[in-house]
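For reference, the chains in residue letters:
Number of protein chains: 2
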Amino acid sequence: MECVFGIDIGGTNIKIGKFHGDEMAESRQVKTDKGAAGANIIADVARAVREMQGDDVIAGIGVGVPGPVMDGVVLGAQNLGWKELNVIKEFEKYFPGVVIRVLNDANAAAVGEWAYGGGAGFSSFIFMTLGTGIGGGLIINNELVEGASGSTGEIGHIRVGYHNDRLCTCGLYDCIEQYASATGIVITANRLRVGRETILNEVEVTSKNVFDYAQLGDEVCLEVVNNMVEKLASALAAITNTVNPEAIVLGGGVSKAGQFLLDRVEKRFRELAFFSVRDTKFALAKMGNAAGMYGCAYEVRKKICRLRSTADR
Amino acid sequence: MECVFGIDIGGTNIKIGKFHGDEMAESRQVKTDKGAAGANIIADVARAVREMQGDDVIAGIGVGVPGPVMDGVVLGAQNLGWKELNVIKEFEKYFPGVVIRVLNDANAAAVGEWAYGGGAGFSSFIFMTLGTGIGGGLIINNELVEGASGSTGEIGHIRVGYHNDRLCTCGLYDCIEQYASATGIVITANRLRVGRETILNEVEVTSKNVFDYAQLGDEVCLEVVNNMVEKLASALAAITNTVNPEAIVLGGGVSKAGQFLLDRVEKRFRELAFFSVRDTKFALAKMGNAAGMYGCAYEVRKKICRLRSTADR
Chain A
579 MECVFGIDIG GTNIKIGKFH GDEMAESRQV KTDKGAAGAN IIADVARAVR
629 EMQGDDVIAG IGVGVPGPVM DGVVLGAQNL GWKELNVIKE FEKYFPGVVI
679 RVLNDANAAA VGEWAYGGGA GFSSFIFMTL GTGIGGGLII NNELVEGASG
729 STGEIGHIRV GYHNDRLCTC GLYDCIEQYA SATGIVITAN RLRVGRETIL
779 NEVEVTSKNV FDYAQLGDEV CLEVVNNMVE KLASALAAIT NTVNPEAIVL
829 GGGVSKAGQF LLDRVEKRFR ELAFFSVRDT KFALAKMGNA AGMYGCAYEV
879 RKKICRLRST ADR
Chain B
579 MECVFGIDIG GTNIKIGKFH GDEMAESRQV KTDKGAAGAN IIADVARAVR
629 EMQGDDVIAG IGVGVPGPVM DGVVLGAQNL GWKELNVIKE FEKYFPGVVI
679 RVLNDANAAA VGEWAYGGGA GFSSFIFMTL GTGIGGGLII NNELVEGASG
729 STGEIGHIRV GYHNDRLCTC GLYDCIEQYA SATGIVITAN RLRVGRETIL
779 NEVEVTSKNV FDYAQLGDEV CLEVVNNMVE KLASALAAIT NTVNPEAIVL
829 GGGVSKAGQF LLDRVEKRFR ELAFFSVRDT KFALAKMGNA AGMYGCAYEV
879 RKKICRLRST ADR
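Line order of the protein sequences matches chains A and B.
Just remember that the numbering used here sits 578 ahead of the position in the first sequence, which is counted from 1.
Just remember that the numbering used here sits 578 ahead of the position in the second sequence, which is counted from 1.
Careful, some of the hints might be misleading.
Because identical chains share one entry, a pair is satisfied inside a single copy or across any pair of copies.
[To be verified] Pairs of lysine-lysine residues, derived as DSS-like cross-links and limited to a Cα-Cα distance of at most 27 Å, are as follows: (1) 609 / 864; (2) 845 / 661; (3) 864 / 661.
Treat the hints as calculated values from the structure; they're not laboratory data.
Isolated chain A, as found in the complex (with noise of 0.2 Å):
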């Protein structure tokens, strides 16, 4: 039977996917051997797949990294240890004939949202994860946005502060990810609870236990929410702005906090976008850590689609 692999490389997991047409048929986690600047990865992947082929014809391999990609080559992905790499090639060496198709691990999550999951059904939408880090992907007329440079949806480093309050990891102050990622919620809560009476002087300051004690009245984590809530909806407005799309869909760790944090965002988004997008629709996630799988699965069948249609003529 002809499948395709899905494949998301993680800096701590890689998770396989074997489909057959839409359905995943078998799955994988691996460790990533972060070891010798991630030289040994690809072929961690390669042993996988090889062992659940089974009897199966590899069509194509869709494959997701945590860095911009332009044409199967990475221009860099740090959590991995890579600096520039052809993905393509590389995974040619392993699977010669195979059709390859690589994007930004974040721009897959998004194709699985559209295709499956909490984006079904929008022809446009931002999709922003929402996790230790936060980025994001752009679907417009039913299509992925990869950009001039495959950095389309870089969400994360939007700038809310203008005082060089809070370094991001990519070397710029005040970025979205410093506020509203789970890491910034934390900072947050680290600052408020200072000399407050608050569970979180009791608990560990996790971005979950401030969204829970939040929901049970705990002020102090209801002040972090409500700060979290304004850089967020000031960035979800900016976006907006720019580029209108019919939906807003958030994913990633930090949206597990569900429709308590999703009421509190469109509500503010909704006092701070221009009049005419302020009815731009919001939705949770659906496919949790399994998007990027089905979204790159997704994209190389529609990468060996074309090539099969363009054979034909």
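Here the structure of chain A is known, so what remains is to put chain B in place on it, guided by the hints.
Below, chain B without anything else, positioned relative to chain A:
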């Protein structure tokens, strides 16, 4: 001979161009009659078009209006006194059987710049007009992106401050329009000149004077320019991090400051944008006030082509 019209309806003047193919054969400017909630505008335009028609056959009319547009319906154009209005229907009353295309004026200018001006050769770019206000348009894959509610490119309302310092005409605070438009530059200049030794206390405080005297070394004028550049570069970084276009094209009256402005914006942008979008190209608009007419004519010709190719099937 077959002709199309490209018409740019502004709050002060209406610019009407008659085109044979790509060439503007004739143009005319009429005052915008804002009386009676703009009820006479379309009749005035129709009269001028008939006068300019001569022996030509009108195949199409492209119309740019200062407001969000969805499927030919303007959702509201404050500067004209218009509430929601189906502009296609209104024009069809005067020109039955003629193809009508209605688009936002900044979007029309973006298309004009893309097809004939500063955006020529770029498959994707953000166009930003810095005038009394700030507008914009987005081209991706050589196509204008109009958005889910006709509001793509409302980039004048990106938030660049968090202290509710400057109230914008849109009702929000601290929109980039209040800092980087001609209006915003005057606000900053009037604040910074107080009690200082500067030419701004002797000449009229205008955006043009600020730039002219900044180039001659007036310290306060340079400070005003730097303040404007900081906010503008931040907004452009947010936009570019989101859509990763090939280029940014700056137009509008303020952009007449030319290379002096462009060099400063570009330099600060390269410091503030995410690393992988820092090579975004910068260009100045070239079409001036004619961009909208050219863009409207281009878009209606495209609509005619599509309708005819569908009819041929």
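How the hints compare with the structure:
Taking the shortest Cα distances, residue 609 and residue 864 sit within 27 Å of each other inside one copy (24 Å), while across copies they are farther apart (54 Å). For the homomeric pair residue 845 and residue 661, the shortest alpha-carbon distance between copies (26 Å) is at most 27 Å, but the shortest distance inside one copy (41 Å) is not. Taking identical chains as interchangeable, the C-alpha atoms of residue 864 and residue 661 are never at most 27 Å apart, the minima being 32 Å within one chain and 39 Å between chains.
Violated hint for the displayed structure: number 3, the only one.
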